[in-house]
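Full structure from sequences and hints, please.
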Amino acid sequence: MNLLSLVVFLPLFGALTLAVLPRDEVGQHRVLALSVSLATFVLSLFLWTGFDAGSGAAEFQFEQRSAWLPSLGIGYHVGLDGVALLLVLLTTVLTPVVILSAYRAVAERVKEFLIAILVLETAMIGTFAALDLVLFYVFWEAMLVPMYLLIGIWGSQNRLYATIKFFVYTFAASVLMLLAILYVYFHDGNTFDYLEARRALEVTPQAARWLFLAFALAFAVKVPMFPLHTWLPDAHTEAPTAASVILAGVLLKMGTFGFFRYALPLFPEAALSYRGAIAALAVVGILYGAMMSFVQTDMKRLVAYSSVSHLGFVMLGLMALSAEALTGSVYQMLNHGISTGALFLLVGLLYERRHTRQIADYGGLGKVTPALAAVFVVVTLSSIGLPGTNGFVGEFLILSGTWLSRLGAPAVMAALGALGVILGAVYMLLLVERVFFGPLRKEENRTLGDLSVREGFVLGPMVALILLMGLLPQPFLRPVKPAVDRLVQRFQAAEVRLGGETRVGTVPPAIARPALQARARPERP
Amino acid sequence: MTGFPTTSFAALLPVAILTLGAVVLLLSEAFLVSGKRAYQSGLTVAFAAAAAVAALALHRPGPVFDGQGTLDGFSAFVTAIVCAGLALSALVGASWLEARGSERGEFYALATFGAAGMVLLGMATDLLVAFVSIEVMSISTYALAAWLRRGLRPSEAAFKYLVLGAVSSALFVYGSALLYGACGSTAFAKLPEGQGSPLYLVGMGLALAGVAFKVAAVPFHAWTPDVYEGAPTPVTAFMAAGVKTASFALLVRLLLAAETGTAVKVAGFGALVSALALLTMIAGNLLALPQRSVKRMLAYSSIAHAGYLLIGVVSAAVAGARAQALAGLLFYLAVYSATVIGAFAVVGVLERRAEGEREPADPWDLSRFSGLARRHPALAFAMAVFLLSLAGIPPTAGFFAKLYVFRAAIGAGFEMLAIVGVLTSALGAYYYLRVVLYMYMRPPEAEAEVLSAPSLAVALLAAVLVVVVLGVAAEPLVRLAAAAGTLG
Chain A
1 MNLLSLVVFL PLFGALTLAV LPRDEVGQHR VLALSVSLAT FVLSLFLWTG FDAGSGAAEF
61 QFEQRSAWLP SLGIGYHVGL DGVALLLVLL TTVLTPVVIL SAYRAVAERV KEFLIAILVL
121 ETAMIGTFAA LDLVLFYVFW EAMLVPMYLL IGIWGSQNRL YATIKFFVYT FAASVLMLLA
181 ILYVYFHDGN TFDYLEARRA LEVTPQAARW LFLAFALAFA VKVPMFPLHT WLPDAHTEAP
241 TAASVILAGV LLKMGTFGFF RYALPLFPEA ALSYRGAIAA LAVVGILYGA MMSFVQTDMK
301 RLVAYSSVSH LGFVMLGLMA LSAEALTGSV YQMLNHGIST GALFLLVGLL YERRHTRQIA
361 DYGGLGKVTP ALAAVFVVVT LSSIGLPGTN GFVGEFLILS GTWLSRLGAP AVMAALGALG
421 VILGAVYMLL LVERVFFGPL RKEENRTLGD LSVREGFVLG PMVALILLMG LLPQPFLRPV
481 KPAVDRLVQR FQAAEVRLGG ETRVGTVPPA IARPALQARA RPERP
Chain B
1001 MTGFPTTSFA ALLPVAILTL GAVVLLLSEA FLVSGKRAYQ SGLTVAFAAA AAVAALALHR
1061 PGPVFDGQGT LDGFSAFVTA IVCAGLALSA LVGASWLEAR GSERGEFYAL ATFGAAGMVL
1121 LGMATDLLVA FVSIEVMSIS TYALAAWLRR GLRPSEAAFK YLVLGAVSSA LFVYGSALLY
1181 GACGSTAFAK LPEGQGSPLY LVGMGLALAG VAFKVAAVPF HAWTPDVYEG APTPVTAFMA
1241 AGVKTASFAL LVRLLLAAET GTAVKVAGFG ALVSALALLT MIAGNLLALP QRSVKRMLAY
1301 SSIAHAGYLL IGVVSAAVAG ARAQALAGLL FYLAVYSATV IGAFAVVGVL ERRAEGEREP
1361 ADPWDLSRFS GLARRHPALA FAMAVFLLSL AGIPPTAGFF AKLYVFRAAI GAGFEMLAIV
1421 GVLTSALGAY YYLRVVLYMY MRPPEAEAEV LSAPSLAVAL LAAVLVVVVL GVAAEPLVRL
1481 AAAAGTLG
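As given, the protein sequences belong to chains A and B, one line each in that order. Letter by letter, the first sequence follows residues 1 to 525 in the working numbering. Letter by letter, the second sequence follows residues 1001 to 1488 in the working numbering.
Don't read these hints as lab results, they were simulated from the structure. Note that the coordinates shown come from a computational prediction; the quantities given were computed from them, not determined experimentally. Ideal Cβ positions, reconstructed from N, Cα and C, are used throughout, including at glycine. Treat the hints with care, as some may be off.
Derived DEER-like restraints, expressed as beta-carbon distance ranges [what the hints assert, rightly or not]:
hint: 1; chain 1: A; residue 1: R199; chain 2: B; residue 2: Y1174; range: 39 to 45 Å
hint: 2; chain 1: B; residue 1: E1415; chain 2: A; residue 2: E501; range: 48 to 54 Å
hint: 3; chain 1: B; residue 1: L1289; chain 2: A; residue 2: L21; range: 34 to 40 Å
Derived coverage of chain A by chain B (criterion: at least 3 residues anywhere in the stretch with Cβ under 8 Å from a Cβ of chain B; other residues may be distant) [to be verified]:
hint: 4; region: 46–60
hint: 5; region: 148–156
hint: 6; region: 159–173
hint: 7; region: 182–194
Written out as structure tokens, the structure is:
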């Protein structure tokens, strides 16, 4: 059996097994779900080690192609490029972590909870692995149902409103993508296969623009881009910790991944005509998210708005369309998954102890729970992009890549983005200060327990990844390179078709420009 | 015509089996002494299965009785859907009726007579045969709608259904008369000869309006919510599945016969039907939004689904997309029938029963579904599957049905219809998921009585299997539908 398909469907198999276990054997359920997710993680490591990132290697590896609905032109086709590989790894890392994190937090309907998480894992990995447009859409939409249940059943007070909003918002945004997929079918030689569609798609420029917008709308809501982000603060805040972590860690990446995999390479010409507007929205999102984070009194809402800001960076990097910025975007997807996932875990731990998310209810916790505070500080530093952590690598690549890109007004965009970095540092450090430092004002906070061993196992992997990816980015950047190079090449080819000036790639830095010019014009009388 | 029309009679075998079944059921009731009626639903299932097998086995395409009807893949598929719908509704009906002390052989006999009419309607290619089939089908369902004679709601439903149904029949028959005047024949094949004459226009318009009543297309839908709500729940399920399927078969044949003379692009009545489709999708979904009675919500949702099916009908009028559209339509009808019967079955299971003469105010209120996932997880799961399928969320059969129909629409160049279709189905997600929300996310209310019976469990299991299996492995049915997607 194909290793990738095994990784995709192992969690689903685990969920089906769980479904037949007796209802009251909660311990069994937890151990089974944890083992299945760990097994999935181990198998996905083989994907990583088996992935060939060399220049001559195939674009998509671990490919499997078989008939699914041949009469309708739908196939089961999966495969991974470097970006999808890393996102699959992110998913398989986060799933056991959230299952472990929910050992205490979820005490009711544990079986259903674990089934929902495992089904969700299959849908998420499937979304990254799919290479057939309908298969992709099926996984994409299948994700909504378990997430709907996770928020609606195990969420906090306002969960029903939040979960309906989440579902209808994202569902309504993606139905037009389905139509775009159907339209593509009739213009690429009647197949839903992604590779075939990318190769043979022939549509008028006007149709391409509509198709791009249909895909972009679905992805932009998921990212979420300003001004389509309004579902996110509610969903993140009301969701149980485990769902918040997955939502922030993986689901949001599906939007940016969708741009990288579908919207940009399928319709490069159309993408070029809209990139300026999208980049501008991304910058607005960076600043808006940061400013909204400033004024939040609820920790979870603060982290949720910070996601809007961070995903703005990723979108900015994608729209810059230079190799550095694209690489940074991909890296930032992983970073955000880890650091924001960890932040949600930490907020969840605080909530389990104190049953409040109000920042004002805390203060001076550093003395009571030193280990928790230390982890929180590390994660915060990663989130604000301190050198030595993973966040720095991603943000630096994005901002420098944007500055040197051929986007309109790149310097302004990059400068405003950098302003967002500063604002991010301010609101995150303020949060740390108000929660962990200063005097212990509340009597209830004196007796809070520090991290337990289980919680150490939950947070340990996250901290390790933050440091590892900050100090040794190379193993993570290597598989990204071929995918990024191919995307840039596609855009360069589109440019040639369009004619006119160069619009993608990197401008040589100003400091190197005189030397280059001198080299270009060596002889002058 | 020479000799005895053996093949024509053979083509009627499914109808004959169903009629025989109805007669047997009637007689069995007349000679029943023990008062035990559990076998009657089983008998209905057996006759339905026999009729379906007969329809699929005797696949000899060709005209029946000199073109009054036709036997083709399309009619065979319609027969299979109707028979499956009959069998499932009978299984659902058994325990539902028994709980109310009104299980009688006549119930099954009427349903089986109705099914015979539906099967005939699927084969009809002549205005008169179509009219007779409509009447056979409708009169049985009028009687079924009035099955529980007590109470205001059932009588209101039955009366409304009878009166409006009679109006629609009158429209149809008057249209037929005018068409006969225009074309000099009642055969569908001769209809294009009348094109251009004003009689033809008026006649066709009236006949289509009559059929639009039956499929519950807006603005001919006003009877649907009241009738669906007031009729006994198993009957509602049967109407939503069977009557809808048979009426759509007639609509397709009539419209395609009328459009044969025109060019590739749809003109005239095609445009009219696409306007109906737009109205039906928008109004059906909007009206379903505020409903608190789940049964009424499903009634409006059946209007909305008629809108999606109308997209398939319009696309079938475009020559290049015809085979795909017809196959999509059949696939959609099959999936919708299984799903809607399942959904109505769960509604019936939870329905608050009348106490003596007093009718409960809200027998199908959303609150009946509160916390169902805790009290009856299997039942809640089944309902969730049906609702997700109705909403068209993958990986359920409903998703592929919508995909199939919308694909045909895009292939036929009806992007606008498809866009409205997907946007309104996003609207649909809201009211379907509200029921899921009540079942899974609300605390259970006071212990409510729930029907349970083996036959009911079988019906629900079958429906869930159809929806789930076709959601992950639709290929076999897609193939069958594609093979049946040609009109004889």
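Hints, verified against the model:
no., hint, result
1, A:R199 with B:Y1174: 39 to 45 Å, "violated (57 Å)"
2, B:E1415 with A:E501: 48 to 54 Å, "violated (34 Å)"
3, B:L1289 with A:L21: 34 to 40 Å, "holds (39 Å)"
4, 46–60, "violated (count 0)"
5, 148–156, "holds (count 4)"
6, 159–173, "holds (count 8)"
7, 182–194, "holds (count 4)"
Hints 1, 2 and 4, counting from the list given before, are not met by this structure.
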